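*Asks:* Just so you know, the sequences run in chain order A and B.
In terms of the working numbering, the first sequence has 398 at position 398, counting the first letter as 1, and numbering is strictly consecutive.
In terms of the working numbering, the second sequence has 1001 at position 267, counting the first letter as 1, and numbering is strictly consecutive.
Heads up, some of the hints might be wrong.
What the hints assert, rightly or not - Computed from the model, here is a short list of chain A residues facing chain B with C-beta under 7 Å:
(1) His149
(2) Val151
(3) Ile199
(4) Ile202
(5) Trp534
(6) Tyr537
(7) Val538
Stated by the list, open to error - These stretches of chain B come out as covered by chain A in the derived footprint (C-beta under 8 Å, 3 or more residues):
(8) 776-782
(9) 887-896
Said to hold, decoys possible - Computed far set for chain B versus chain A, every beta-carbon distance over 12 Å:
(10) Phe738
(11) Val768
(12) Ala771
The set of hints was computed from the structure by calculation and includes no laboratory data.
Given the structure is predicted, the values throughout are model-derived calculations rather than measurements.
We put the beta carbon where it would ideally sit given N, CA and C, even for glycine.
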Amino acid sequence: MSLDRAFQMASRLLALAGLSSLIFTRELFFPLTIAAILSVGASFILVLNGSTFRLSKRTWTGMNLVVLAFFVVDLFFISSSLLVASTHFIVFLMINKLFNLNTSQDHLQLYLISFLQLLAASTFTIEISFLVAFILYLMAAIWALLLHHLVTEGARQSSGSVTRSSPGGPQGITWPFFLSTNGIAVVTLGCTLILFAFIPRIGLGFFHRSQSDLIRMSGFSDQVNLGDIGDVKLDSTVVMRVQPQPAKLLPLSEGIYWRGMAFDRFDGEAWRNSFGSGGLLTSEGGGVFKFGYRRYPQRTVTQEIILEPLDTAILFGLPNMIQVTGHFPRLKMNTMRSISQPAVPASRVDYIVTSQIPVLTRGDAEARTVSYPSSVQGPFLQLPESTDRIRQLAVTITRSSNTVLKKVLAVEQYLEANYRYTLDVEPPTSGSPIEDFLFRQKAGFCEHYATGMTLLLRSIGIPARLVTGFLPGEWNEFGKFYTVRQSDAHSWVEVWFPESGWYPFDPTPPAPTGSGSTLFGLFSQSIDSLKWQWNRYVIYYGLRDQIRLATEARNNTVDLARWVSAKTNLLIQGMRTWLLHMEVHPVILLAGVILGGWAAFLIFRRFRIGNRWRSAFHWALRKWPVRGETRGRAMFYFRMLDLLRRKGYVKPDTLTPQEFLGRIPALPAAAGTSPLGPAGPANTSMPLASPRAVAAELTHLYYRVRFAAVPLSGAEEKQVSRLLSELETVLDLS
Amino acid sequence: MSAFLIRLQQRLYRNRSVTFTSPGTRFVLLTLAVGIAAINTGNNLLYLIVGMMLSLIIISGILSEQSLRRIMIEWGFPNRIFARQRVMAHVRITNSKKQLPSFSFHVEEMESSALSLYVFKLSARQSTAVSYPTVFTKRGYRFLPSLVLRTTFPFGFFHKSLIRPQDQQILIYPRILPSGLRLGTRMSETGYSKERRQRGKGSVLHSLRDYTSADDARDIHWKASARESKLLLKEYEREEDRRITIYLSNHLPSSSRAASGAPVAEDFERAIEIAASLGVSFSRRGFPVGLQTLTNGRGPDRLPPDQPQDLDKLLKTLALLESVEGLTPEWFSRKTSGITDSDSTGRYRILILPGPDPLWDPIRHCFSEVLVASEPRFKEWQIQGEIEP
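All chains, full assembly: derive it from the sequences and hints.
*Replies:* Written out as structure tokens, the structure is:
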């Protein structure tokens, strides 16, 4: 392909990359998207066919007026957004420019338009599709800019702005050129990522635009009707991704779920939270909110969570959250330790939660009777009306259990063993849906199980509450994180113990899980992992990550230094031991040291002073004999150099003897300005020679001796002696 | 560490300059604007775009440096270069890198627009050459013109220049005057007449005569013998009789006397040009030419009367000749005693004076010709055109 055609193609490819970044955001007016795609395609075809199709200037002017009018209509009536309307206008400009690429300036303007499209896309989306468009844009930009430069320079050259050009002109796109250009693009991408990681993040990032519609959720408002969660159990939309630290604690033990809200009151049909969302908490600095003390430090788990925009303000995490870190101006926590934001966020939220996994103490596990405080008894032993059948059932289930824990476990196991999990629950025939579940249908989903267990426990005087949240979700082996979907929404039971506090129990039998090991499952996991990495390391990369990166780098450096130090010490100790145990005559040792030192000196001198690129082997074989010969036959030249060096005229290795002549002064040092002036020799009236002239004669003789291998005659040797003494005189050395 | 940084800085910036092109300025301003927007919004995608723009700037710097790195320049000139004479300078540009090519750079003379070469691509270990006419104005050792390598490769954002100073010198011979050449021709035809020429050992044919048995058969002129139907022998001109010696006075009276019509530096330069022109002219016609000057304190105490020289040595002497002032009559008479004492019979000696010089008056009779460069007729020579000697 010729260079010029490649250039035309690259410009259009760049326009396509800019446009695709906008298309991926799905913010473009659909008819405009189609028009833009068709325009780019038509433009490509015109270039490939070498067509010179042009619309008249008048037509373009008319179209521009129409576009301007559309911009106004768009701004006030269609999109009603300056950003969106401007983006539409830029796309129109791109279409115009695509068919009017006549000059170098036109191409540069098209590049600017495509860049503006990329900028607009960066404000519209945070999806990983932007990465695809970005990489495409970067590759196209490298090609377009490079070819623009080469073609423009070539055109300037042919227009006669330079007097000559080299015979090898542009030869089109060759394979080496193709590979090199793509290599440059790859290096640029790598450089971009490095710079991205190290550019200081001093912005707070409070101005994120609402990126997408909120995901509708059930079960996380102050009132949850029995059966609400069942509506979302078939929805596989991702609601959050969680990366626990340390990962070695994984997999999480059964019953440890992502806790959201807790409910205390049940009226027979719905659960309510009678404590509200709690009071506002302020950060302790750096976005850190603390909610309690570390009762069991060995059971602390940190989770990094990216929460998709849900229609709830609740923050999820493992039970017993004791600390939350994130970009929150305030947080709320109620008595049941449900943590929420003051308002429903409009975009994704990323935060770090530290939780203490609950532990049941031996005392609680073995307690036969417990006296509960009134703060627990009041709200958490509440029952709806007419629960006699439930109480009778509870008593029957727990008849043989002699401790509180055994009673709880008996109820849990009873429900798990005797009830069937189904999302297809028939409408209740009696007035109470929970009695319908417990005594008639004996089938339901998590809400039914949890509600049933809570009521059974409360009916025999054990304080319990219903909790909603999510199952751990799908473990992603690629990214080492959990992907939690709507279908993982769950409810379970928390039972109060005097020493251990609220401890979770889950009476719901395990539901069948998706096939994670199939090829599709692996592919899906890898894509999801990519999305996680994108969100974690690009979208939500911040100052905290930079500090962590710097700390890790410092720690690694320190570790490396320690490792090197340890290895060096080991080596030195080994050598010392070897020397102490080796029986070597001191003279031989001394000779070895001297020879080694001399060799080291030669190597140092060679590679520090001499031509470091020539191999030492070559130097050893060739340089020495030549130098020896030279010194023998042309010693006078080195004598001359010595004399000149004494006056500060040192010959650099980089200069040839002929070149060095130019550094030697033309005027004699001894005679001052006038050759016959008072500073001149007293016994002669002859004018003094210039040092350069004397050196020129000596250099001439040196060249002959050194390179023509013609030795000096007797008369010439006398001449050399005379010239050297003359040089001494004119340099004022005598 | 600071010494290392200084060395690094010198290595990076030595003989280099970087300026923005117009698109480059706009690009940098755009980068700043997007950077500010990124800080303001905290939008990491904008940070990503800023990273890309900064990378383009960095890559641009690296590639332009790579393109100009290890470009070697070699000069080539004719063997003899005369002042004010148009000569073809040959420049060979070699990419001495082992692997990487160099793209899109200009090679220009730093202080003139005589050379402007555009190289689109120069592969590793390959060369390209260009020849262009140039003129050196003054005689003597002259530095080669410094060259500058310029490029806006790869993206046209920055104008990078790398100056290649030339510390190599070449010798420029004195200017050759066309009238001086013609004068030399005339002198060799008329002044140096047949009467001066005698038979003897030499290389130039003097005459033909009948062959005798005592003669060397190698000297038989076979073509003439065939034409005349008898054996004819070539007789040669005596070599020493063909010698022409130019005596150039490089003595300038002291500056206090210059006002009274004594020769000045311009006259001295003209005298050198006349000497060079005559030397070239005689040499072309096969005459061994010698040059004697009062020189500069070196050489024999007495000027040798007649000693031919190689033309290049003669021209080199003239190229490097410097004037001397304030010579004493005693030193002068001792120096020139070799001329006065020798036999001038059959010798052709030309004395060239920058201007009237009383020192030379006593011995003017020893010379066949005396040329005074300050005379008006010689001044006119210098405004005549150039000639290819």
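*Asks:* Does the structure break any of the earlier hints, and which numbers would those be?
*Replies:* 2, 5, 6, 11, 12
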